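Student: Spelled out from the first residue to the last, the chains are:
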Amino acid sequence: MSDVKVQLVKTVKEFPGRRGEDAVRAVDSINLTIYDGEFFALLGPSGCGKTTTLRLIAGFEQPTSGDVIIDGEQMAGVPAFHRPVNTVFQDYALFPHMTVMQNVMFGLKMAGVDRREAERRAASALELVGLPNIRKRRPRELSGGQQQRVALARALVKKPSVLLLDEPLGALDLKLRRRMQIELKAMQAELGITFIFVTHDQEEAMTMANRIAVMDQGHILQIGRPDEIYETPRTRFVADFIGETNFLQGRLLHTEDRVGVVDIGDDVSIPAIMPERHAARAGDDVTVAIRPERIAIQGMDVPASADDSRVMVRGRVTEAYYIGTDTRYVVRVASASLTVRVQNTDYQRGMGFKPQQAVYVLWEKHNARLLVD
Amino acid sequence: MVAGLKRALRKHNAFILSLPALFWLLVFFITPLLLVLVLSFMSRDITGRGTLPFTFEQYERVFTTFRPVFVSSINIALISTVVCLLIGYPLAFYIKTRRSDAVRNLALFLVILPFWTNFLVRTYAWRVILGQSGPVNTTLLSLGLVDEPVIFLNTQFAVIVGMVYTFLPFMVLPIYASVERFDFRQVEAARDLGANDWHTFWRVVLPQTMPGVVAGCILVFIPAIGAFITPDLLGGRDGFMIGNLITRQYKGTGNVPLGAAASMVLMGAVMLSLLVYIRFTARQER
Ligand SMILES: Nc1ncnc2c1ncn2[C@@H]1O[C@H](COP(=O)(O)OP(=O)(O)OP(=O)(O)O)[C@@H](O)[C@H]1O
Ligand SMILES: [Mg+2]
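Sequence lines, in order, name chains A and B.
Letter 58 of the first sequence, counting from 1, is numbered 60 in the numbering used here, and no numbers are missing.
Letter 177 of the second sequence, counting from 1, is numbered 412 in the numbering used here, and no numbers are missing.
Chain A on its own, in the form it takes in the complex (with noise of 0.2 angstroms):
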């Protein structure tokens, strides 16, 4: 990809711990390389440090010991209003006392641009957000979703090299909320500025996202394209916290060619591919993971179909829910629990599997996976 844009090196956020209460290490060595007009998510539970992050490379907090870097130079010491960034703020703060035009015009203000020629970017910027005709109002006479798109012209009017957007969607309902996603991408292809948003949503960072971070703790577990994070997560947190994933626990017998087979209980084991830099060895305990509509249920009557790229293991129907889209069954495999989703791509009244049935679920090999816990 093409230039560098921020870049944290080895950052480290303390915040002291209240009387009696230990120090809070709200970002704990993180190492974060983001690109020229990148989408960049990070993504994480709450508490787990994303806004903190954001501030940092805002200039709102100064790091406890390591760097920040923005276009190749060092931000130690930089405040934010010098710093070629500009923040969507979680819950927008637009200045109260002003109408949405001296909201958007105020950052220009700042720039000393002259009235007229703010004016006509301001203008310009509220109709790149979709919200020509409301430049006389505050905003408290105004809605969520138009206090967001405000926010956003106030930010975007500016300029900036790196837009920095905390769960800007957070407020929104669920319609309005897929319709700014689309928006908000659509808007950050054709600026070309470097967009780093924060949201907890998993859904929401994969929908925009070019690449993810996803946090835990303080920590980056994992940074990819969408695909990678979901395709291949390394951790347990990782896997469990983008969509939905089956963990079989058992024992690794062997490993051969990064597949590493695995004795799950009952006499039952399956191959599971191993992420590189995994570090277990014959006999250590491990957790597979497989998302559950990566597999298939065939019922006993037909022709068993196992090869060399397929898995087929026996189980029993626990429970099977019809979702519309999908039935969602629960299978019982050796001593494990295993979710399966079948898309509904036909349907009658009957069909499908009945708790108590015997059957096969299979999958193709390179869906299971290995996890670093």
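It should be emphasised that the hints constitute simulated quantities derived from the structure, not laboratory data.
A quick note: this is a predicted structure, and the numbers were derived from the prediction, not measured.
Every residue gets a Cβ at the ideal spot worked out from N, C-alpha and C, and that includes glycine.
Every clue listed holds true.
Pulled from the structure, derived: some chain B residues nowhere near chain A, Cβ distances all over 12 angstroms:
#1 Leu274
#2 Leu287
#3 Thr290
#4 Thr299
#5 Val306
#6 Ile347
#7 Gln367
Simulated crosslink set (EDC-like; lysine to aspartate or glutamate; CA at most 20 angstroms straight-line):
#8 Lys486(B) to Asp467(B)
#9 Lys367(A) to Asp269(A)
#10 Lys161(A) to Asp5(A)
#11 Lys111(A) to Glu423(B)
#12 Lys111(A) to Asp432(B)
#13 Lys161(A) to Glu75(A)
#14 Lys187(A) to Asp38(A)
#15 Lys367(A) to Asp310(A)
#16 Lys161(A) to Glu423(B)
Quick list of simulated restraints, FRET-style, between CB atoms:
#17 Lys138(A) to Pro255(B): 41 to 47 angstroms
#18 Ser163(A) to Val371(B): 53 to 59 angstroms
#19 Arg339(B) to Ala113(A): 35 to 41 angstroms
#20 Val363(B) to Gly114(A): 51 to 57 angstroms
Given the coordinates of chain A, work out where chain B with the ligands should sit on it, guided by the hints.
Tutor: Positioned in the frame of chain A, the structure of chain B with the ligands alone reads:
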């Protein structure tokens, strides 16, 4: 008949319910005010009371002979208000930004603590503090900053000190209330958009805390300009204010019509400044 009465009652409910309050206002506010107004146009008899004929003489004297008293009163009240603002505004922010609730509550408690002691006692205390051999002078002398005791008492300075001390809570509390409502993330938003500290203060923080500032200034200025105990105890001849002028006319053999006229002028000035303020804020609201 009864039904009609009921309907009438319901129709004029608001008016009927406010009758006691209206009566109260009429008897204890409007009537005395009218009496003072009438008095202010009367002549003085030998005992100092009002008598006929009606005349503009009192107002004339207020605006000529006693003009300096008005000017210096406005001065003292303005300076006291400004000093209160300069101390109270940062103080309110300081209190609000303390992390611990206990510290915040303690600070607020300390601000209103003086109210628990009698006002006269507190003002007399200032006579001691500022006196020739009071702690201020003793300190200045022992530090070698002055060679002989500074005369603080019976000056405008002493009056201003006393007023600032007395009225500071009236400034701090309304400002604190508006700082409390202020969302400090706005400061970050402003800085994010390129505003330095100065611009952040003038364009974002101050406008949003202005209601508290205005309320504080009114609450300090109005009692300050009409004050008479503080200037009486601390100001002497130098710190003589409108309040002293008025009380003097009403006590002993003064000039009651003159006192009435001075009261009316004082009230007029206060009302005028309030009107200006209301117009000003009404325009801002739009
Ligand atoms: N100013 C602060 N003082 C002390 N601790 C803080 C401060 N700011 C954040 N923290 C702590 O740092 C950790 C990370 O906080 P952060 O706000 O970055 O989380 P987040 O990932 O943005 O969470 P959310 O999704 O809930 O917004 C939390 O444990 C939080 O309590
Ligand atoms: Mg956050």
